[in-house]
Amino acid sequence: MILLHRFAEKISAAPKKCSGTQTVTRTQAECSDADRPATLGTRTLTEVRAEGMDQDYGAHTAIIPKRRDPNPHQRR
Amino acid sequence: MILILTNGDDATADWVCRALKRRAYLRLDTDSLPRQAELRLHDGGFELRANGRWHRSEDFSGVWYRRPKAIRFPGRGSAGVKQHASEEYTAALEAFLATIPRSSWINFPSQNAAAGHKLEQLQRAKKMGFEVPRTLVSQRPAEVRRFWRECDGQVIIKPLSHGQIDHGTRHELIYTSALRKDDLTRTALIRRCPTLLQERIEKSADIRVTLIDDDIQAAELIARDAGHQRLDIRRNNMVDVEHRRITLPFVIARRLLRLLRSYGLRFGAVDFVRDTEGRWFFLEINPNGQWAWMDLAGVTDSRAALVKSLNRR
Chain H
1 MILLHRFAEK ISAAPKKCSG TQTVTRTQAE CSDADRPATL GTRTLTEVRA
51 EGMDQDYGAH TAIIPKRRDP NPHQRR
Chain D
1001 MILILTNGDD ATADWVCRAL KRRAYLRLDT DSLPRQAELR LHDGGFELRA
1051 NGRWHRSEDF SGVWYRRPKA IRFPGRGSAG VKQHASEEYT AALEAFLATI
1101 PRSSWINFPS QNAAAGHKLE QLQRAKKMGF EVPRTLVSQR PAEVRRFWRE
1151 CDGQVIIKPL SHGQIDHGTR HELIYTSALR KDDLTRTALI RRCPTLLQER
1201 IEKSADIRVT LIDDDIQAAE LIARDAGHQR LDIRRNNMVD VEHRRITLPF
1251 VIARRLLRLL RSYGLRFGAV DFVRDTEGRW FFLEINPNGQ WAWMDLAGVT
1301 DSRAALVKSL NRR
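Chains as they are written, first to last, in the working numbering: chain H, 1 to 76; chain D, 1001 to 1313.
Note that these hints are calculated values from the structure, not bench results.
One should not assume that every hint holds.
[Said to hold, decoys possible] Computed list of lysine-lysine pairs in DSS-like fashion (alpha-carbon distance at most 30 Å, straight line):
(1) H:Lys10 / D:Lys1127
(2) D:Lys1203 / D:Lys1126
(3) H:Lys10 / D:Lys1203
(4) H:Lys66 / D:Lys1181
(5) H:Lys10 / D:Lys1118
(6) D:Lys1082 / D:Lys1118
(7) D:Lys1021 / D:Lys1308
(8) D:Lys1181 / D:Lys1118
(9) D:Lys1127 / D:Lys1021
(10) D:Lys1082 / H:Lys66
(11) D:Lys1021 / D:Lys1118
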């Protein structure tokens, strides 16, 4: 543990599918789109809103990362 | 044609693709690439086949380096064999991509990496004339206590890297938080790791700026807790944040362009705060940060700017 960890707060995992809880109209419309349903919905909002959770993706010098994404929150 | 490098779960890329005609872009979801694409190098040059067509590097006016993930190799085989096959595939793809000029990329990944150090950003921004919050990174309890006194106890603590802790089945987040007096007594924890502390700014607004080449779009993000601007605007998944489009002061805009160009970035998502006296403080650049949520909130149109830049030869 380090000092920073005293400020850690529990969160629930991000929803995986369209749950109907989103509030942005445009996203709701996309949620019903059959084209790429698995990637839309609440998770879209998580992605586009939870700014800063995204961090600085691309913090490596290779073009394609060599290993699986080590951070499950990266997509946020 | 635009080349988009990302992964199959990237909703922002989905959203950008919706604005493009089918033959105006090629999206490569690198996590599933072996099912999606074929590569060949022969006497005629290097080519990539996807969506039923062969492509050469010169077909692409721009590359949007969004969020590619490691290539996953499908089928049977041990983990080691599949990992090696993925690396072979990666080497071929990277060789193809290396034939696309760096100037066509938004952003080229090594430039993202070079621009990705918060503390270096603060120093560089200060040299370029931005105001930055008083900052201390230290492992010395006495130094931390002195900083606390110098700031009249108005000190925030925040991560240097990122704020997520993965415990497997559960997760924790670390937001920017106010340092408490009793934290100063945790000397063992202070000594264990460099900690980033900054003087707390009495904010009137958080400001997020999206720069794409010469296009600058900015929004104020307002969320009040007991009459004060929220310490970390990202809390509560930003559901109660009010967004307002603003125009950057000319001096800030000019400096910002200079700062991004100093890193060779064509894109940047930049955070500022404005204090209650109207002073602007630079916080950080996210070289591959999020921006689409502000388009969806109706205050920016960065998607159009991005597409325009990627189509530029």
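Against the structure, the hints come out as follows:
Taking the CA atoms of Lys10 (chain H) and Lys1127 (chain D), the gap is near 38 Å; set against the 30 Å cutoff, the hint is violated. Taking the CA atoms of Lys1203 (chain D) and Lys1126 (chain D), the gap is near 19 Å; set against the 30 Å cutoff, the hint holds. Restraint check for Lys10 (chain H) and Lys1203 (chain D): satisfied, since their Cα atoms lie roughly 26 Å apart, inside the 30 Å limit. The hinted pair formed by Lys66 (chain H) and Lys1181 (chain D) fails the criterion: a straight-line CA distance of about 43 Å is larger than 30 Å.
Between Lys10 (chain H) and Lys1118 (chain D) the CA atoms are separated by roughly 25 Å; this keeps the pair inside 30 Å, and the hint holds. Only pairs whose Cα atoms come within 30 Å are accepted, and Lys1082 (chain D) paired with Lys1118 (chain D) is rejected, the gap being roughly 36 Å. Distance check on the hinted pair: Lys1021 (chain D) and Lys1308 (chain D) sit about 13 Å apart at the alpha-carbon level, within 30 Å; holds. Proposed proximity of Lys1181 (chain D) and Lys1118 (chain D) is supported: the alpha carbons are some 25 Å apart, at most 30 Å.
Taken as a hint, the Lys1127 (chain D) and Lys1021 (chain D) pair is broken in the structure, with Cα atoms around 43 Å apart against an allowance of 30 Å. At roughly 12 Å between alpha-carbon atoms, Lys1082 (chain D) and Lys66 (chain H) fall within 30 Å of each other, so this suggested pair holds. Distance check on the hinted pair: Lys1021 (chain D) and Lys1118 (chain D) sit about 38 Å apart at the alpha-carbon level, beyond 30 Å; violated.
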